[in-house]
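Chains as they are written, first to last, in the numbering used here: chain A, 1 to 292; chain B, 1 to 182; chain C, 1 to 541.
None of these hints come from the bench; they were simulated from the model.
Using N, Cα and C, we set each Cβ at its ideal position, and we do this for glycine too.
Wrong hints could be hidden among the right ones.
[What the hints assert, rightly or not] Using 30 Å as the maximum straight-line C-alpha spacing, the simulated BS3-like pairs for lysine-lysine come out as follows:
1. B/Lys8 to A/Lys206
2. A/Lys164 to C/Lys130
3. B/Lys8 to C/Lys79
4. C/Lys384 to C/Lys342
5. A/Lys206 to C/Lys130
6. C/Lys79 to A/Lys164
[What the hints assert, rightly or not] According to the in silico footprint, chain C covers these stretches of chain A (three or more CB under 8 Å from chain C):
7. 162 to 174
8. 180 to 190
9. 211 to 217
10. 273 to 285
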Amino acid sequence: MLVTWAYRVRKSLMGSFDPRARWIFSFAFLISATQFWDARFLVVLFVLAFLWYFSARVPFKETRRAWTFVWFLLLIMIVVNTILTGGGAGGVVPEGGHVVWPNGIPIPLTAWHFHFGLTYERLWFALCQILRIGGISAVFVIIPFSMDPRSYGVTFRGLGFPDKFAYSMELAFRYVPTIARDFGVTVDAQRARGYEVEGSGGGIFKQILRTAPLIVPVTMNSILTGEDVANAMDLRCFGRGPRTWLYKLEYHWQDYLLIAFSILLLLASLAIVYGLKLGDFWVPEFLIRMIS
Amino acid sequence: MQNKSLWKFGTREVVYSAIGAALYAVLGIATNFLQLPSAGNVSFRPAVAIPMFFGIAFGPVVGFIAGFLGNIIADLVSGYGFWVWWDLGNGLMGLVAGLMAFSFVGFKTQGTLLKAELFVILGVVVGMGVASLSEMWVSGADINTVIFGNFIPAAVANLVNGLILVPILMIAYDAVVSRSGK
Amino acid sequence: MTMSHLPLVVENLSFRYRRREELAIQNINFELHPGQVMLIAGASGCGKTTLMRCINGLIPNTYNGEMTGDIRLFGKSVKEMAMVEISQTVGTLLQDPERQILGSYVLNEVAFGLESLGVPRGDIIPRVEKALSRLGILHLRDRETFGTSGGEKQKIALAGVLAMEPKILLLDEPLASLDPASAHEALDAFRVLADEGYSVMVVEHRVEDVLAIHPEVVMYMDEGKVEYFGGVEGLMQVVDYHRIKLPAQVVMDRAHGQKQEKTFEATIRPQVGNEAELVHFDNVRFQYHEDSREILKGIDFKINKGDVIAILGHNGSGKTTLMKHTLGLLKPTQGRVLLEGKNTRQISVAQAAHTVGYVFQSPTQMLFAPTVKEELAFGPKNLKMSEDVIEKNIQWAIETVHLPEELQTPPLALSFGQQKRISIASVLAMRSRILMMDEPTAGQDYWNYTAFMDSILQMPGFDAILFITHDVDLAVVYANRILLVYDGQLMADGTPYDVLRDEALLRRCRVLPTSLLRANIEHYPRLGQFHRAETLSQFVS
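Could you put the whole structure together from the sequences, leaning on the hints where they help?
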């Protein structure tokens, strides 16, 4: 089994920012976006998210799988939750509203009408959900494609996490290919003993039990490895004092700019919502007028 | 081993956190054989047993990092993005299960295994509960959707896998421990 | 230089692990001078690992127990030294470089210790580069560690130790994962370091290999005690040559005139004349992906009934890839493999497993069941054998590997050597007609592997046996046919005498001749057969 990271080295605007600044922006965006249900603000954030997304210059081909996943999620949220069951408001959409089919939908060839309580307000809310989830997704979907997995340890150290936690990250990335290779060996070794990976049916319990001959050896072998790894680290004085991180991240002017922008974005959002009391769910006048 | 502090984080804990995370990621991708199509972020992964087992064997901090970081890494490899509240939920599963670490003698006595099953249930409920509730905040779903669309499928899938595989791993690990004589 | 300033002095050292009754080592006394290479030999469990842990500080920093006596490093007792100080005096290379390497990149790995010590960033890079140049691997600086070869990994790990600038090097079975050619390169590097003034302690089973760099002193340990300490010559006389492999000439001299040892006779013999073809490799080529390196470059040969084949070749030559094709775990990119006339593309691996039993190298990568018995039943159950056949096969398999008393033990609770034998038994229990083993002797004591190789070769029921090995002597003693693989090609295929007498060819293929091989070649014209050293001595005057 071969594990490859989604990340590729490429020259891009996003790539010119320090990873720490990018994390700060991403979380500032997440917190800001979750403050609003007002489409006017959400549109701004949505545009900002996609400007950010495209600045990574990752071709769609690579991210297709992630977006399929996001759309699938949105579909459930919107179609099932907001449109069909009508619960999607989560207390945001006020009770009542303008029903789309006040007389029900005629069922062809019968005299019956199907009564479906969908309101224009809920449809509008669905649009807001698309903007909000879409924007947040854009900011976070791009991370694996644009950030070198091996920079995680030093990045999180740089963000103020303790040495040991940050080093755990480094080490985890180091062991991913090793464990993937070991897993491949175990699969082969068990197949040589007549084990068939594609199970011949059976119930769900049997299916899970069938993974034991793969999961148990790989796990125990890794734990045994861990004992030696820990010795190797102790022998080279791990954790006996503050650690030097060989790779050093340095902020440049554009990073300060991005961080300043992130803080501003966050403060502005909070000010709008808690200071000006704006940003709650809002249905445009023209929509209401059009309906009436 | 008995008088070990629950929250200690020394070299061994650093190593087992890292190995647990790498294992969870790799096995999660490799054994993700049954996708439950009805549930958003939920998939049926036998590997969820890993963070909970690592929690029970090496403590709550190790369990947390194995789950949290493992889930992040799995998404980094599959290119699914970064979903911090689900990562956190996975971490909490390992952390809560890990609260029972060092409180027992022998990994395969019936008492220990029973206790482990209990903590697996607790871990899954807390972890998936927190992650699902975050969906309300992020996506604006209502409580029913969150319970039926996220929490129940995720919790059931993880419970079934955890309840079956965690004891199997504990029994195997008992032999490893007896060999090293520590 | 006074005694107290010697790099290492060990006095009356004894140690008992906290949870153990018996002493792991007792009353160890020795000293080590600058520039010396010291070889520590002994079978598994003799206490050499514990001794190393006492010297490098893992005891008492990581492992607890009761220590008496003293260890002094340059006159200072280890009891007064912190780990930070010890680690800059004593550098340790662990057995498996794969596990010692902590960094994703070579540069990170070598810098690890310096980073831990908090050395300023500006000083780290020059020290890393110095350590890399010293071992001649500066060109690997920016490579990923995962993709490097076994020999390179070891040098990288050693560079990581050297970067901390210790004066004493402890090397724990440094040859275990290397092929003979890489092992000799590594040994040469150790010698050079000693000549530059380091004190080097090598713990190693492969005594004969280490002798090539002329260790100044040798220590032989057994059951926690020092059985011998002194020069190489003396060692040759005191060590039991059934337990530790010694150079062939030494064994022959010592065995000569001793009472008749039972000679070894394999049950499988080549069937001259009516060759029954079991496996046929028909111009097999293989690569993982279209744009990746070709691993097999046109392999052509047949396995016949009665063959005992040793596949020799350096690490990465394609030996394992070749074996995996026999079972259909890999399918050829071009050409075909026929298993009893059936193309492996058309049958499943599970079907092929009825005919071919394949024992993988590392037992820990396959053992999973709660008891040995269930472990042995796994294969036969997958092959849908009936209950009583399974029961019978398990009994037979477990007796073959001499572990019948362990049927109810969890396999993971056994020692590594026993686990290896269980992994072999788990394949034997499938009663396949062809047995294939990848490095059957890796990580095993000489005494152990000789015993089970003997019993497997004397076991009825196999049509053919194949094994991959680095150990030329294993091929000399057990094989009746040799396949020599180099860089994905079959360089030679024939009887041991025909293939192995061509020393130039062997060296070209990075396979190194041994003293046993040379002795056998010398006597072959008269004996017409290869023998182990003890047996050889009876025919030679």
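State the violated hints by number, sorted upward, taking the hints as numbered earlier in the document.
1, 5, 10
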